[in-house]
Amino acid sequence: MIRWRVGALNEGCVIVPLNDTASAGENSLIQLLTPSGVRQSSGDYDRWVADVDGPALQALYEDMVVVRRIDAEATALQRQGELALWPPLLGQEAAQIGSGRALREDDFVFSSYRENAVAYCRGVDFTDILRVWRGNASSGWDPFSINMATPQVIIGAQTLHATGYAMGIQNDGADSVAVTYFGDGATSQGDVNEAMVFAASYQAPVIFFCQNNHWAISEPVGLQAHVPIANRAPGFGIPSVRVDGNDVLACLAVTREALDRARTGGGPSFIEAVTYRMGPHTTADDPTKYRDANELEDWAAKDPIARLSVLLDSLGLLTPDFLAAVNTKANDVAARLRAGCIEMPEPAPMDVFKHVYSTPNSWLDRQQENYGRYLASFDSEPVGSESQKSSGTATEGSL
Amino acid sequence: MSTMTFGRAINAGMRRAMENDPKVILMGEDIGKLGGVFRITEGLQKDFGEHRVLDTPLAESAIMGTAVGMAYRGYRPVVEIQFDGFIYPAFDQIVCQVAKLHYRTQGAVKMPITIRVPFGGGIGSPEHHSESPEAYFTHTSGLRVVSVSNPQDAYTMIQQAIACDDPVLYFEPKRRYHVKGEVDESIELAASSMEDAHVVAEGDEVTLVTYGPLVPTARDAAIAASDEGISVEVIDLRSLAPIDFATIEASVRKTGRLVITHEAAQSGGLGAEIAASITERCFNYLEHAPVRVTGFDIPYPYSKLEFHHLPDLDRILDGVDRVMGRTNSLSGIER
Chain A
1 MIRWRVGALN EGCVIVPLND TASAGENSLI QLLTPSGVRQ SSGDYDRWVA DVDGPALQAL
61 YEDMVVVRRI DAEATALQRQ GELALWPPLL GQEAAQIGSG RALREDDFVF SSYRENAVAY
121 CRGVDFTDIL RVWRGNASSG WDPFSINMAT PQVIIGAQTL HATGYAMGIQ NDGADSVAVT
181 YFGDGATSQG DVNEAMVFAA SYQAPVIFFC QNNHWAISEP VGLQAHVPIA NRAPGFGIPS
241 VRVDGNDVLA CLAVTREALD RARTGGGPSF IEAVTYRMGP HTTADDPTKY RDANELEDWA
301 AKDPIARLSV LLDSLGLLTP DFLAAVNTKA NDVAARLRAG CIEMPEPAPM DVFKHVYSTP
361 NSWLDRQQEN YGRYLASFDS EPVGSESQKS SGTATEGSL
Chain B
400 MSTMTFGRAI NAGMRRAMEN DPKVILMGED IGKLGGVFRI TEGLQKDFGE HRVLDTPLAE
460 SAIMGTAVGM AYRGYRPVVE IQFDGFIYPA FDQIVCQVAK LHYRTQGAVK MPITIRVPFG
520 GGIGSPEHHS ESPEAYFTHT SGLRVVSVSN PQDAYTMIQQ AIACDDPVLY FEPKRRYHVK
580 GEVDESIELA ASSMEDAHVV AEGDEVTLVT YGPLVPTARD AAIAASDEGI SVEVIDLRSL
640 APIDFATIEA SVRKTGRLVI THEAAQSGGL GAEIAASITE RCFNYLEHAP VRVTGFDIPY
700 PYSKLEFHHL PDLDRILDGV DRVMGRTNSL SGIER
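From first to last, the protein sequence lines are chains A and B. Counting in the numbering used here, the first sequence runs from 1 upward without gaps. Counting in the numbering used here, the second sequence runs from 400 upward without gaps.
In isolation and in its complexed conformation, chain B is listed as follows:
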């Protein structure tokens, strides 16, 4: 066990993957000498060489498209997209090529590409630096999407993503990069699955589902709720595509109430998918309609207003009050 920051844990995980497999290469903007704008790849070019840690020209579609070619050649590229809002030039290559090549070629061509995306808000950035674009990718067949919430998962799941023969989008909550935690570096990758959701706080009245940056917030909300006598079970999804519905379903069969929270906009988001799927699976067990506590359907706002947009502890508790039938901000209104 050692204590390390979230960012350092990703770095250590990539280092281990590169040591274990010479076909693992890193590609991205400023990831070499600088170590990335968030320093996540710090020291890797120095230790593994410029042929394995490639500073690329500033063209996201080309980074992704050349990663596809590298994968054809037998490499396992790990691509860094510098910020969430910069991924869109690569969207065509991700959706039309990375996601579809295995299907298109009837399994002949594998795309073991890991796409690392620092995502989410809360760091006071200008436009295009705080977005949560995960639903675009969870809606795309052929991709796997994960989001990590703590240093141990960051360390383990980056290696599982790299080892996966399918393409994986790996969403890193950038506002948590400096959070420290215990990391067991001797962990066996095969001992866990990156597709399993984890119950991170047990409870029996409300199931609170979230992922990535809001997991600590949700845990805090569960503690605050318990002060008011409400028992909240918190589930960290970890995998966003596919979602481990069995774990959520088991929890909801117990609690009868479901709250989903994410930073991404509400309409067409993951919360909608979870609410629909759980309603289909165990409608008869629900005491109340599922409630979503999410970012608004707006472009990511300027930083002085971002904490109105981002779900926080109090907004989550308000959602908990709604599913509990307690007095809440919408009491008396049909919404």
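Isolated chain A (complex conformation):
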């Protein structure tokens, strides 16, 4: 086990020079597809995507177009008052699709709230993604139905859950992997650092997938880290890699490598996917107050979908038929998302008490019963009637 780890540090892991900055340039990144759409070789990583043929490239393209369409539709639904809030992933499609498509069904994802494209890869019902943001539920789906925990709002807390889950995988003698997603801001949290300590100590099969999208709401990544974030992991004894997060092929390759390491007893890995949050933090945010429009322009030139379309075109795969099919699918998904959102059943008032505990609880049962009586009182006879008097003992209770 230890020999493997040393090997990874010497061969597979890219250690970025310490004089680099947290938002270092592309030269230190693993990149298989340049921003201008040129497929380039990258040493050890080519072999991890050797099987990605034309149809596979087209599938990755379709995924990214569809999740961008979902994102746009959800943003529109928020602007139209159908959602209270939405956290857009615009610009981060490659990081999420590349890593998400590398996973096996029995792997388990613990993500933040922006990983809607990862949820898409896991096979989530699109409407379920919206349940939280419409206010109809505290989370959207049964985590065990797609092996992905529902979005975590407390920054970085999920990295510990993934690590613990991985420790459980280890105890079970299984070869699945826990993968946790978080942002550059989360790397300042104690929980993320503690998770790396535990993951290294137990050599747990967990992947720390950090999307460095450069902004934690209004705080630039330089406020979180003075060195590239990937450089921190080796200090914990965890091999790390810095990858172009807008390059779907490279994201697929580094995730596959890390998964293989975890499955074969090599322990945890850390991936920093360098990308950019093209939209606001959420629909409630206004990035024009804190960031330069030029920065947005620079990153628009590195768009993950545009570069893959150039590659597909060069391979003769960006045919009108293919584009039409992708467009149809994206529109279909968007239409289903919209319909599912608007037709979502309203929760019943008494649902507010459901699932606080898995077994009966005398305190809550009493409050529920009393509130039920209170609600029912609007439908019953006027106060002072016989039926009200007969239930008079309720006045001694507390609502």
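Be aware that a few hints might be false.
[Claimed, not checked] Part of the chain A face toward chain B, derived, beta carbon under 8 Å: (1) P143; (2) F144; (3) N147; (4) T150; (5) I154; (6) I155; (7) A157; (8) Y165; (9) I169; (10) N171; (11) S188; (12) G190; (13) E194; (14) V197; (15) Y357; (16) S358.
In short, the hints are calculated from the structure, not lab data. All C-beta atoms, glycine included, are put in the ideal place defined by N, C-alpha and C.
For chain A, the structure is supplied; the task is to place chain B on it using the hints.
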């Protein structure tokens, strides 16, 4: 029946739970080779292996957060927090994750985590080793909170806590770890509920409610009161969330007087909740306003002053005198 110390009874209960369910694992600082700083897990790693009794790095939030992940994976983690005052780094994971995941996921994810906390004072320790933080957790929906006061309950309730599909905070009165008592190890878990309060001494003039470390003190106070001709009924809450108000209410309807005592600070504490709830439920039966005899609203003091802070037999009796309308330390003062 066998005689064992409080600490040994918890150990025996965990051992039995681990024998019955291979998914039960223990996590905490120094709980393996050392058997914990109080030796409560002594011998368990040796007998069940390092994969079931995990010595963890020193990070309470991570212990709790990884326990959450273990629970996702189908395990039933029993977490030891080394001392009451060390639980706060884990507070976020307990309150935001452990307590809420079942609600958040509409019942899909269960959190059968037991969090063992040695709590309370009286052992002459430095700061952060003698606290009573239970009210933070009784105020948090989604958690169950219990406190045990004798070896039999310690043995039975640790198993009930581990078997419970909801998260349970299990508060152990550390100053009573060495107290011995009879334990029936053949007891059926289903035959009792950890949520029931127990009347541990019967009386008909004053209801004295307490839990954990002060139960023996309260029983002594009841005996002392009877020497003065006052009949005190003592209730051991056992469950702090939810509280078995029906048992307290039945007692107060009989006695008409209520005294609550705990080591934790007074304001916003469990005593306030009990006084309010019982007043709501049976105001007309009360002969006197409920009285609280508690620790002060101070940080836990240095050890030479801790016995001024901790309610003792005489302070409890003073409270009994107040509800009885007898001469007491506050006689003649509107307080």
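How the hints compare with the structure:
no. : hint : verdict
1   : P143 : holds (6 Å)
2   : F144 : holds (6 Å)
3   : N147 : violated (10 Å)
4   : T150 : holds (6 Å)
5   : I154 : holds (5 Å)
6   : I155 : violated (10 Å)
7   : A157 : holds (6 Å)
8   : Y165 : holds (4 Å)
9   : I169 : holds (7 Å)
10  : N171 : holds (5 Å)
11  : S188 : violated (14 Å)
12  : G190 : holds (6 Å)
13  : E194 : holds (4 Å)
14  : V197 : holds (5 Å)
15  : Y357 : holds (5 Å)
16  : S358 : holds (4 Å)
Hints 3, 6 and 11 from the list above are not met by this structure, while the remaining hints are.
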